[in-house]
Amino acid sequence: MTVSSQVKQTLATLEGAQGILKLYLTQTQDKETKAVFEKAINAASGIIGDLQARIRVLEREENQYKGF
Amino acid sequence: MAWLRILTRSVGIFVLTFFLVRVMGKRNLARMHPFGLVNLIVIAVLVSFLTLGYFENYLFGLFALGVWVLAPITLDYLALKSKRIHDLVRGKETVLVKHGKIMEENLLQERFSGEELLRELRKKNIFNLTDVEFAVMETDGSLNVLLKSDRKPLTAHDIGQKVAPQAEAQTVILDGNMLDEPLASLGLNRAWLKTEIAKAGVSVENVFIGQVDASGDLYLDLFDDAIQIPRPRVKERVYASLEKCHADLAKFALETKNAAAKTMYAKDADKLKEILNELKPYLLR
Chain A
1 MTVSSQVKQT
11 LATLEGAQGI
21 LKLYLTQTQD
31 KETKAVFEKA
41 INAASGIIGD
51 LQARIRVLER
61 EENQYKGF
Chain B
69 MAWLRILTRS
79 VGIFVLTFFL
89 VRVMGKRNLA
99 RMHPFGLVNL
109 IVIAVLVSFL
119 TLGYFENYLF
129 GLFALGVWVL
139 APITLDYLAL
149 KSKRIHDLVR
159 GKETVLVKHG
169 KIMEENLLQE
179 RFSGEELLRE
189 LRKKNIFNLT
199 DVEFAVMETD
209 GSLNVLLKSD
219 RKPLTAHDIG
229 QKVAPQAEAQ
239 TVILDGNMLD
249 EPLASLGLNR
259 AWLKTEIAKA
269 GVSVENVFIG
279 QVDASGDLYL
289 DLFDDAIQIP
299 RPRVKERVYA
309 SLEKCHADLA
319 KFALETKNAA
329 AKTMYAKDAD
339 KLKEILNELK
349 PYLLR
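Quick mapping for you: the protein sequence lines, in order, are chains A and B. Residues in the first sequence are numbered consecutively from 1, following the numbering used here. Residues in the second sequence are numbered consecutively from 69, following the numbering used here.
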């Protein structure tokens, strides 16, 4: 079983990267670039959802690591 | 009192000529085709005669100046309307090299020797005649060359690499002054600019030139050359964070003993890898 703190770290990094992509999405004016960034942001949201679900499962099993 | 008369006349004609030259436009003056040059010289001579008062009645001089300024402009407009007048006024381009072969009759027609052709090619850094696919002499006497496709400089298209489309960078600060028009064309405003400058740790008065590129990053050049502003590496850092997440996901897929989690991690790792490949041209190049 992976330690939940590692998964939380990856989640935080991913959320940070997604935030910057959102910033670039608002800053660019080119349609093609906007589309690519949107796609990346959506994929990142999906992965973030998966990771959060996994963390909930892990927290239930490793009670000492509960919470951030 | 003669000097006062010459002074006022000179200033007046200076202003007049300035406006006339602006009216004549960029094309007319930059283009050095033979008649354009003659036109310019005649105008210059007329203006100096006017300034020195060589005409008994200066209105005659202004009249002559008017003709020499308006006639080329009229000819240009007529040339725009009719192709025949266009060819008459500007002439046609002559093809000198076609499909790699020199057209000797055209060279003769332009009174251009082989030596001069080679010299013009060398001016464009072409030392081998075999590299040339097509060369044409324009109406103003300059030579323009198309190289054979395997001799042209490499472009991203040739390698099959995708490169993000890049619009031009807008200059938003010049000489310490913030320019509103370029900011507006990017959809930004002064408040954003002030925040970005504060983030870089300087104030507006220190900035000589500031440019915003197509993706919204601000680049600054300061008056004080001793201070070094680090180039913003946000895009590279985002790409690196995503790469790290991908590596982490792959590691979790290997470490976890839960079968469902394993498939989830593996699927997400693949998805992230795909996203990384798509983002590469936009973040890194």
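Misleading hints may appear alongside valid ones.
[Claimed, not checked] Straight-line alpha carbon distances no greater than 27 angstroms define the calculated DSS-like cross-link-like pairs of lysine-lysine that follow:
#, chain 1, residue 1, chain 2, residue 2
1, A, Lys8, B, Lys230
2, B, Lys230, A, Lys34
3, A, Lys39, B, Lys319
4, A, Lys22, B, Lys325
5, A, Lys22, B, Lys312
6, A, Lys31, B, Lys348
7, A, Lys39, B, Lys330
8, A, Lys22, B, Lys339
9, A, Lys34, B, Lys169
10, A, Lys39, B, Lys303
Don't read these hints as lab results, they were simulated from the structure. Computed from a predicted structure; not experimentally measured.
Now for the hints, and whether the structure bears them out:
Restraint check for Lys8/A and Lys230/B: the C-alpha separation of about 34 angstroms exceeds 27 angstroms, so the hint is violated. Of the pairs offered as hints, the one joining Lys230/B and Lys34/A holds, with about 16 angstroms between alpha carbons and a cut-off of 27 angstroms not exceeded. Between Lys39/A and Lys319/B the CA atoms are separated by roughly 24 angstroms; this keeps the pair inside 27 angstroms, and the hint holds. Straight-line distance between C-alpha atoms of Lys22/A and Lys325/B comes to about 34 angstroms, which puts the hinted pair past the 27 angstroms bound.
Pair hint Lys22/A plus Lys312/B holds up; C-alpha atoms about 19 angstroms apart against a cutoff of 27 angstroms. Only pairs whose Cα atoms come within 27 angstroms are accepted, and Lys31/A paired with Lys348/B is accepted, the gap being roughly 17 angstroms. Taken as a hint, the Lys39/A and Lys330/B pair is honoured in the structure, with Cα atoms around 24 angstroms apart against an allowance of 27 angstroms. Only pairs whose Cα atoms come within 27 angstroms are accepted, and Lys22/A paired with Lys339/B is accepted, the gap being roughly 19 angstroms.
Note on Lys34/A and Lys169/B: the hinted pairing is violated, with a Cα-Cα distance of about 47 angstroms set against a maximum of 27 angstroms. A distance of roughly 17 angstroms separates the Cα atoms of Lys39/A and Lys303/B; the hinted pair therefore holds under the 27 angstroms criterion.
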